[in-house]
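Please work from the sequences and hints to get the whole structure.
There are 2 protein chains.
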Amino acid sequence: VQTWLVNGRLQNAISLDDRGLAYGDGLFETIAWRRGQPRFFDRHLARLREGCRRLDIPAPPDAAIADEIGIAAAGSERGTVKIIVTRGCGRRGYAWEADIVPSRIVGFDPAPAEGRPAAGGASVVYCDTPASCNPRLAGLKTLNRLDNVIARAELRGRRAEEGLMFDDENRLVGGTMSNLFVVRNRELATPLLDRAGVRGVMRDVVMERAREAGIACREIGIARSFLESADEIFLTNALTGLRPVTLCGSSRLEAGPVTATLRAALLECGVEECAA
Amino acid sequence: VQTWLVNGRLQNAISLDDRGLAYGDGLFETIAWRRGQPRFFDRHLARLREGCRRLDIPAPPDAAIADEIGIAAAGSERGTVKIIVTRGCGRRGYAWEADIVPSRIVGFDPAPAEGRPAAGGASVVYCDTPASCNPRLAGLKTLNRLDNVIARAELRGRRAEEGLMFDDENRLVGGTMSNLFVVRNRELATPLLDRAGVRGVMRDVVMERAREAGIACREIGIARSFLESADEIFLTNALTGLRPVTLCGSSRLEAGPVTATLRAALLECGVEECAA
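Going down the list, the protein sequences come from chains S and B. Counting the first sequence from 1 gives a position; this note's numbering is that position plus 183. Counting the second sequence from 1 gives a position; this note's numbering is that position plus 183.
If you're looking for bench data, these hints aren't it; they were derived computationally from the structure. A hint or two may mislead.
Note that the list lumps identical chains together, so a pair holds whenever it fits in one copy or between two copies.
Cut-off 25 angstroms, straight-line C-alpha distance, at most; resulting in silico cross-link-like pairs (SDA-like, lysine to any residue) [what the hints assert, rightly or not]:
no. : residue 1 : residue 2
1   : Lys265    : Ala196
2   : Lys265    : Glu370
3   : Lys265    : Val284
4   : Lys265    : Asn195
5   : Lys265    : Cys400
6   : Lys265    : Gly219
Shown next, in the form of structure tokens:
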């Protein structure tokens, strides 16, 4: 990341007493910066606020974040914005003091998105690393992401763009850095994120666009067998949009009509990565 | 924390690109510094090495850590040493570069241990916050501790020293910052940490001393009903030693003969907190 601000000040380091480092006590957002603007900014802010509420961290003012993104990204057409909010600096120990001040961290990275996809569809494999399960934290983009880190490392040396993670009951949670949708009989299904996983902003957008297009979408428990009987599968991610999966484990798939409809709908609302 | 060193240099901040902050991608140790020495140092180093092995982080050299603790704690008789090892600084994204250099962070805090216990036994309550479950991470003291943080916050305004956490199958994992042992019929039981929790150094010491004293100890699944039929219960923690529980939920208990035997055994091997 090229430029960082902490509570409005340009700096590239943070106190070693920050609880974000000590315990992963905080949240983050990764936002596509396109045509000099943060894409789906309101949705990212809403998710961040919801996460702060659930973790009992005072949410940062939207205006401060907007200003700081403007400073960090000044002059750039394209890149990635990262926001981190931690509970702040404290003494040792899990308890925190009443007067603790959250750390509001904003960064801008002009580099292309990690794993910027090649043209065509994505290959995905199954990861052995399970997703960490905790209903109290499920859906949030917390700083506790070690399961994703370890799962991601399984992809080294494999011809796969993404790895799928399952919970301890062998229900699909998603990719290491994306949400997953399955199409069967022209209906959409995506994992119910009640025990693990991150509720992605692009996932929400896709579910809304699907409803508008008259495509039913259910959040359900998804087993491997369900995946293997899919007509279409695609991945969603705030930075890369909607990517069709053309190889899932050993199953070959094609980008079908539902995928095409939703890619067109996303392109219409600014997800340029969905251009053909 | 009063003094920090990062990779051997005195500093109080760390790069915002460190993956310890970004993802909780690392481990930590909290070590009692007593009579000018780190207690059970070899055991803490062994657990740290094991954690590094499981997370595929090159383990820091023992000698470097020992030297840096000496610098941070110089002149102090008593306090707390904290070691943090992260995977290091990297670009955005869960994957890491082959040449990444781990961050080795050593700190010393002369303040008394957090929640330094009052005399007498501990009161414990049941937390609603579940423990995060992941067999791949279970037992390790990783930087992903948000479940403990949220559970600990449940104790505010309650007359309890510790809160007990359960996994999603309602099996006991331990306290938010301690391991727990149950005595029934003069035999010890402690949660099997195969899905969640931290394998505490004091837990290991207690299990060894128990065996030497001819007290059987099993690692098993422990339900609430098992706790409620206990003859004795105690908590273990590297900083506070072994503490009898005298109130568990609504059950009153007394420190019994097994607790007394083990406290005496710990006192003999330097756990001064177990003095009567």
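Here is what the structure says about each hint:
In the homo-oligomer, the alpha carbons of Lys265 and Ala196 lie at most 25 angstroms apart both inside one protomer (15 angstroms) and across protomers (20 angstroms), since each shortest distance falls under that limit. Taking the shortest alpha-carbon separations for Lys265 and Glu370, neither the intra-copy value of 34 angstroms nor the inter-copy value of 52 angstroms comes in at or below 25 angstroms. In the homo-oligomer, the alpha carbons of Lys265 and Val284 lie at most 25 angstroms apart both inside one protomer (20 angstroms) and across protomers (23 angstroms), since each shortest distance falls under that limit. In this assembly of identical chains, Lys265 and Asn195 lie within 25 angstroms of each other by CA distance both inside one copy and across copies; the values are 13 angstroms within and 23 angstroms between.
Neither within a single protomer nor between protomers do Lys265 and Cys400 lie at most 25 angstroms apart by alpha-carbon distance, with minima of 30 angstroms and 48 angstroms respectively. When the C-alpha separation of Lys265 and Gly219 is checked against a cutoff of 25 angstroms, the pair qualifies only within one copy, where the shortest distance is 15 angstroms, while the shortest distance between copies is 43 angstroms.
Checked against the numbered hints listed earlier, the structure breaks hints 2 and 5; every other hint is satisfied.
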